Amino acid sequence: DSGVTQTPKHLITATGQRVTLRCSPRSGDLSVYWYQQSLDQGLQFLIHYYNGEERAKGNILERFSAQQFPDLHSELNLSSLELGDSALYFCASSVGDRGSVAFFGQGTRLTVV
Amino acid sequence: AQSVAQPEDQVNVAEGNPLTVKCTYSVSGNPYLFWYVQYPNRGLQFLLKYITGDNLVKGSYGFEAEFNKSQTSFHLKKPSALVSDSALYFCAFNDYKLSFGAGTTVTVRA
Chain A
11 DSGVTQTPKH LITATGQRVT LRCSPRSGDL SVYWYQQSLD QGLQFLIHYY
61 NGEERAKGNI LERFSAQQFP DLHSELNLSS LELGDSALYF CASSVGDRGS
111 VAFFGQGTRL TVV
Chain B
9 AQSVAQPEDQ VNVAEGNPLT VKCTYSVSGN PYLFWYVQYP NRGLQFLLKY
59 ITGDNLVKGS YGFEAEFNKS QTSFHLKKPS ALVSDSALYF CAFNDYKLSF
109 GAGTTVTVRA
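Sequences listed follow chains A and B, in order. Residue 11 is where the first sequence starts when you use this note's numbering, and the numbers rise one by one after that. Residue 9 is where the second sequence starts when you use this note's numbering, and the numbers rise one by one after that.
Source of the hints: derived by calculation from the structure; they are not laboratory data. Any given hint could be a false lead.
As the list claims (entries may be wrong) - In silico lysine-lysine, DSSO-like type, Cα no more than 30 Å apart, as pairs:
1. B:K77 / B:K66
2. B:K105 / A:K67
3. B:K77 / B:K105
4. B:K57 / A:K19
5. B:K57 / B:K30
6. A:K19 / A:K67
7. B:K77 / B:K57
8. B:K105 / B:K57
9. B:K105 / A:K19
10. A:K67 / B:K77
11. B:K85 / B:K105
12. B:K30 / B:K66
13. B:K30 / A:K67
14. B:K105 / B:K30
15. B:K57 / A:K67
Stated by the list, open to error - Beyond 12 Å from chain B on every Cβ pair, some chain A residues (computed):
16. R32
17. R73
18. P80
Said to hold, decoys possible - What the simulated footprint calls covered on chain B by chain A, stretch by stretch (three residues with Cβ under 8 Å from a Cβ of chain A suffice, anywhere in the stretch; the number is not a length):
19. 46 to 57
20. 92 to 104
Only a predicted model underlies this, so the values are computations on that prediction, with no experimental measurement involved. Glycine included, C-beta positions come from ideal geometry on N, C-alpha and C.
Please model the entire structure based on the sequences and the hints provided.
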């Protein structure tokens, strides 16, 4: 158990809908990273928050947004969902940023039908 | 653009033989490099990292990696592979975007 909690574990929703994925980092970790993992795209970096502030952004779609709250948990919001958004979404947390080890949650498997 | 590359999609070895998973990097300045492993339907697990210092880094489960600045490589190695090492291995670098290579599937046959 990495200590990073992601909810829900599985999510099935229809095209055009909006969902929220939640990540609770390990106690004491200030950084949260979000990733999308699909068979054809590999593990894609979406966004990094450090202590509530956006630190870096990857090729995150405009339909996707994220935030990190004062208690350091993070949420990834996916809207206007398309079939191609079906994937495994991971979050990871670390104490610091560049040099710190990131610990990954078990992921949320999103299926858009 | 900064990146890491894993030139092999798959590596197959027999149990007890040495295992090498290759990674090359294109990162400016001092690279922060990592290796992670992913087992089926699981999140990624940290194996080892190179920040600075000794070029030979020792990690979890008997793995080690050698940082080679002249060849811009950071290959993962294990002297004697186990069937349980069969998994998906990722090389990564962190420039505030913890970015991963495409991954290498390792199969260790008994």
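Hint numbers not upheld by this structure, sorted from lowest to highest: none
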